[in-house]
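K.L.:
Sequence:
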Amino acid sequence: MTAVLAFCHGLGRINGALLALGRWIGAGCMALMVIAILVQVFFRYVLNNALPWPEELARFLMLWATGLMIPTAYRRSGFVSIEVLSRLLPRVVGAVLALVLGFLALVLLVKGAQIGWNEVTGFSGRAETDSLRVPASLAFDRWVKLPKWTMMLSLVVGLVLMIAVNIELMLRQIIALSGHDDRLKPIPDTVSLGAE
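Each residue of the sequence shown is one higher than the one before, counting from 678 in our numbering.
I should point out that these hints are in silico values taken from the structure, not numbers from a laboratory.
Quick caveat, the model's predicted, so the values are computed rather than measured.
We put the CB at the ideal spot given by N, CA and C, even for glycine.
It is possible that some hints are incorrect.
As the list claims (entries may be wrong) - Computed Cβ-Cβ distance ranges for the label pairs, DEER-style:
hint, residue 1, residue 2, range
1, Ile-712, Leu-774, 53 to 61 Å
2, Ser-855, Ala-694, 24 to 32 Å
3, Gly-687, Val-811, 33 to 41 Å
Work out the full structure, taking the sequences as your base and the hints as a guide.
P.N.:
Structure, rendered in structure tokens:
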């Protein structure tokens, strides 16, 4: 059990660090998304000349913000309805139910990551965005369209982070079921840049 506890604590530290970084990047994506939308509103409604790129940029940033921030919500809250049901059941039955549902979630998350990776590396991932361009040289003299795989990768990153969180939560359930829950460190309260 000592090895399982050590692995769980190590994974918890790694998850905590990755999710904190994801929250910061996700918050930055949200800020940039708001700016892109405000630019579009100004050009569309004030100048009556809608730009082609702000809406696509906002979608791109929203996908990345979602992929980077949802794993924190999962780690912090789990499946809320399952948590409520588990508390209503006897302790062992609730813990077993949570473990079984965690395993089913793990299977679905792995399958989702596989599907996402196939999209990133497949035909649709090789397509280009309609209007997002990035510089192709340091001189900024040539610009190319951003490949769509950069958008689709947000799904894979989010699912991989959720898999890591799911494994940590399952290990915590196993440790609690074995009667060693007193040796578990609490998951620290994850402050989301004051956005609560």
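K.L.:
Now look at each hint and say whether the structure bears it out.
P.N.:
Do the hints match the structure? See the list:
Checked against the given bound of 53 to 61 Å, the beta carbons of Ile-712 and Leu-774, roughly 45 Å apart, lie outside it. The beta-carbon spacing between Ser-855 and Ala-694, approximately 27 Å, falls within the hinted interval of 24 to 32 Å. At about 37 Å, the beta-carbon gap between Gly-687 and Val-811 stays in the expected band of 33 to 41 Å.
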